[in-house]
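Undergrad: Fit chain B to the supplied structure of chain A, relying on the hints for placement.
Protein chains: 2
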Amino acid sequence: MNSLSEILTLDSNAKTKEFKRGEIIQREGTSNSFAFYVKKGLLRSYTIDEKGKEHIFLFASEGWLIADFESQEFERPTDLFIDCLEDSKVVVFNRECFKVAALSDEQLRKNAHLMARRIAVLQKRVIMLMSASAKDRYNKFLETYPELPNRIPQRMIASYLGITPQALSSIRRNVLKSRQFS
Amino acid sequence: MNSLSEILTLDSNAKTKEFKRGEIIQREGTSNSFAFYVKKGLLRSYTIDEKGKEHIFLFASEGWLIADFESQEFERPTDLFIDCLEDSKVVVFNRECFKVAALSDEQLRKNAHLMARRIAVLQKRVIMLMSASAKDRYNKFLETYPELPNRIPQRMIASYLGITPQALSSIRRNVLKSRQFS
Numbered sequence: 018m019n020s021l022s023e024i025l026t027l028d029s030n031a032k033t034k035e036f037k038r039g040e041i042i043q044r045e046g047t048s049n050s051f052a053f054y055v056k057k058g059l060l061r062s063y064t065i066d067e068k069g070k071e072h073i074f075l076f077a078s079e080g081w082l083i084a085d086f087e088s089q090e091f092e093r094p095t096d097l098f099i100d101c102l103e104d105s106k107v108v109v110f111n112r113e114c115f116k117v118a119a120l121s122d123e124q125l126r127k128n129a130h131l132m133a134r135r136i137a138v139l140q141k142r143v144i145m146l147m148s149a150s151a152k153d154r155y156n157k158f159l160e161t162y163p164e165l166p167n168r169i170p171q172r173m174i175a176s177y178l179g180i181t182p183q184a185l186s187s188i189r190r191n192v193l194k195s196r197q198f199s
Numbered sequence: 018m019n020s021l022s023e024i025l026t027l028d029s030n031a032k033t034k035e036f037k038r039g040e041i042i043q044r045e046g047t048s049n050s051f052a053f054y055v056k057k058g059l060l061r062s063y064t065i066d067e068k069g070k071e072h073i074f075l076f077a078s079e080g081w082l083i084a085d086f087e088s089q090e091f092e093r094p095t096d097l098f099i100d101c102l103e104d105s106k107v108v109v110f111n112r113e114c115f116k117v118a119a120l121s122d123e124q125l126r127k128n129a130h131l132m133a134r135r136i137a138v139l140q141k142r143v144i145m146l147m148s149a150s151a152k153d154r155y156n157k158f159l160e161t162y163p164e165l166p167n168r169i170p171q172r173m174i175a176s177y178l179g180i181t182p183q184a185l186s187s188i189r190r191n192v193l194k195s196r197q198f199s
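Heads up: the protein sequence lines correspond to chains A and B, in order. Residues 18 to 199 in our numbering are what the first sequence spells out, letter by letter. Residues 18 to 199 in our numbering are what the second sequence spells out, letter by letter.
Treat the hints as calculated values from the structure; they're not laboratory data. Please note: incorrect hints may appear among the correct ones.
The list cannot tell twin chains apart, which means a pair is met if one copy fits it or any two copies do.
[What the hints assert, rightly or not] The list that follows gives simulated cross-link-like pairs (lysine-lysine, DSS-like), each with its CA atoms no further than 27 Å apart:
# : residue 1 : residue 2
1 : 56        : 194
2 : 152       : 56
3 : 56        : 34
4 : 194       : 68
5 : 32        : 57
One chain only, chain A, in its complex shape:
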């Protein structure tokens, strides 16, 4: 979705790092957060509620940028954990490079496209979470992440959708059934 060359102009000091599956690369409560551009592999951001339950905010496969923008914008400790669901190659950006004051006009113009897209995606996510049926949310997930269903455990897809794994498996059965008859 974002071309790497566009992203790389944002921070000439950004380094590509390799992480192992299962590695946590950002923890909740960190005040020095980074932004991560995925060259290869799969990351996710998530929060853990008071009862210890995980809620997945975002998946990021090849070409996605993942970060805690709320923490960066308001200079607050992070709300989100970020970890690797697969061995991954990731470009690590300093949070400063997304600050408006630090950007050149050209960088700002490139960045504005990414920001506008992110606002649109988040708006849709809020509306879906509030008003769409679990089935519509699952279909939107497939549209947003067509390459992911076979790379992610069902329980994580359920967590992203805000439903139980049982509800998800019943939706998948119905989707399969309706495809067989159409």
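TA: This is chain B only, laid out in the frame that chain A set:
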């Protein structure tokens, strides 16, 4: 939150209009959507689900900007209705004025601040919707909109929070009780 002078530089053709309480100023499915800056009064954006139930996405009182950014970014018909909860004075911007290509460097820089803030607010909203208790969501609502509780019917606050009016009134009773004893 946004100074009017910053916003006004975005579109020199923007006009201030007056709307009556109850007027719908944008309908779902419109392809020519606008952005609205509230000088006086109170607007809200909302969606209506398949069962005819309303879900409130955002309130906008004095100083807020309200629009369907998803529709504007992807040039899709709007998902959101926008109407007036009070008689309102509103600056109406053309959707084109938020397109990156149409903005001068200076406008882009001002706009980037607004976009970064909106991303942060939306991220928080998604996380709260997914993982926070109804009580925490109510407290966040009070923090985001300190001036609104007395201007909005309870059922609309409940709709914004994604809970029933009954659940909201039980939360409010508990909040009041805990304040009396603290």
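Undergrad: All the hints need checking, so say for each whether the structure fits it.
TA: Right, here's what the structure says about each hint:
| no. | hint | in the structure |
| --- | --- | --- |
| 1 | 56 to 194 | neither (36 Å within a copy, 53 Å between copies) |
| 2 | 152 to 56 | neither (31 Å within a copy, 40 Å between copies) |
| 3 | 56 to 34 | within (10 Å within a copy, 48 Å between copies) |
| 4 | 194 to 68 | between (36 Å within a copy, 24 Å between copies) |
| 5 | 32 to 57 | within (14 Å within a copy, 48 Å between copies) |
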